[in-house]
Amino acid sequence: MLLGYTITQWLFGILSFLSIMFGLMVVFSRNPVNSVLYLVLTFFCIAGHYLLLNAQFLAVVHIVVYAGAIMVLFLFVIMLMDLNHDNEPQKTWISKIIAGIAGGMLLCVLVGSLKGSEQLGISQYGSSQIGMVKNLGKVLFSEFLFPFEIASILLLAALVGSIMIGKKEIK
Amino acid sequence: MLAFIIYKLIICVAVFGLSLAVAAYSTLWERKLSALLQDRVGPDRAGPFGLLQPLADGGKMFFKEEIIPNVSNKFLFILGPSLVMLTALMTGAVIPWAKDAYVGGKLYSMQITDINIGILYLFGVVSVGVYGIMIGGWASNNKYALLGSMRASSQMISYEIAMGIAVIALIITSGGTLSLREIVEQQDAGFANIVWQPLGFIIFFVCALAETNRAPFDLPECEAELVGGYHTEYSSMKLGLFLFAEYINMFISSAVMAAFYFGGYNFPFAQELYDAMGLADGSKWIAIIGFGAYFTKIFLFISVFMWIRWTLPRFRYDQLMNLGWRILLPLSLLNLAITVVVEFFRGHITF
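Those protein sequence lines, which keep their order, are chains A and B. Mapping the first sequence onto our numbering, position 126 (from 1) lands on 126, and the numbers just tick up by one. Counting from 1 along the second sequence, just add 171 to a position and that's the residue number in our numbering.
Read the hints as simulated data drawn from the structure, not as lab findings. Yeah, the Cβ is synthetic: ideal placement off N, Cα and C, and Gly gets one too.
Covered by chain B, according to a simulated footprint, are these stretches of chain A (three or more residues, beta-carbon under 8 Å):
#, region
1, 32-42
2, 54-62
3, 71-81
4, 132-142
Extracted from the complex, chain A is given alone in its bound form (with noise of 0.2 Å):
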């Protein structure tokens, strides 16, 4: 306890402290590079968070799969492309006042439903070691099955959309 707080509470103000900031930073920063940097620190924050709740696999394959593969492309990708400010397009200022109230009524909308909807029951897997890899696997292979293939089709539909958009001519 301190200042009538625990350690796991004071853990999850400073992680959601950061991961806003970060958050916030990824958007405010001026440089693309930064930009991809700071959302990898915001994955490993919201991997903090998932630490939190005792689901250390997930935690662990956020960093694996996220921080370490596809924002490791994202870089790639960025580094490569010549961003200076000179070619950067600009905006005029209508477009940015119309992008503007478009992202705000956007905000509204995200902001009205989550107050709408009711709170989320705690599900019946609610043990606390339902984040161990053993107690995850059975759960999906077993409850979770066909929603757990499903999203594998989907994923290799996106892996063959991806060849065939990258071939550069198909025989």
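Guided by the hints, dock chain B onto chain A, whose structure is given.
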């Protein structure tokens, strides 16, 4: 609680010091071994048999002039090598160095932490290690450095896939555990995993060579094409950190290979030896002998890494990618399929 923290602190510092010491003396051993292979003497000026050479090299690195290109992003330029070193040192945390032993009447584990996702932790740390090289290469603001870091990252991502699938086969053989300690311990009773996973070991070994950017996969720093690759612009100890991290990675991947496939601190007829010596479970001497056995294996692996470096020429980049995607990946999938069938007949998998 305090005693626990002090014990963990001691073991952290011990693993840290061990990694650094082994990496330092690997540099000397690398030069000695290359001298042996090329019929030379090798470094022999600093101390007896050149034993002080690593200290001299380290001192030289620290005293060299440090140049930061003024067009580069200074923060990221410094972050690059730091991150590479950090992730290299973090991997040692989950490796079981020896059996638990009683010291002063209390049982101590010879491992920093035995988390039940040890293998995934290793993969996570290794995959974050790419950032150090990428950031360093990009922040140098140099075309060669950028190309080198691009090569490094694409190489590491490509080989991680085959490596991951080889490890999945290993996990099935070990009865579905992700904890390194349990993997080592289940090899205590039966054969080492190499008996059940010969193909998986070869795949893992090749991938480990590629992940540590060692020859013949050292294309990221390919000096014939790219000057120095991702560390072209680096000087002084920042260059030293990049080079040093490679040796730490080599040490850790040797340790991981020895633990995964060769039983870690176990060796044939270990129990018979301990019985003959009259050592009870949890004795200090068992831990020390096991640690010695483990280190012998690690040393052999490090030597093989070096032997390969001084024997084989470097791959061409397209050959590297072909090997990773067209040979190792299908082979690792085949290995996984074979493993599942074999384990089914061994009775480890039930439906």
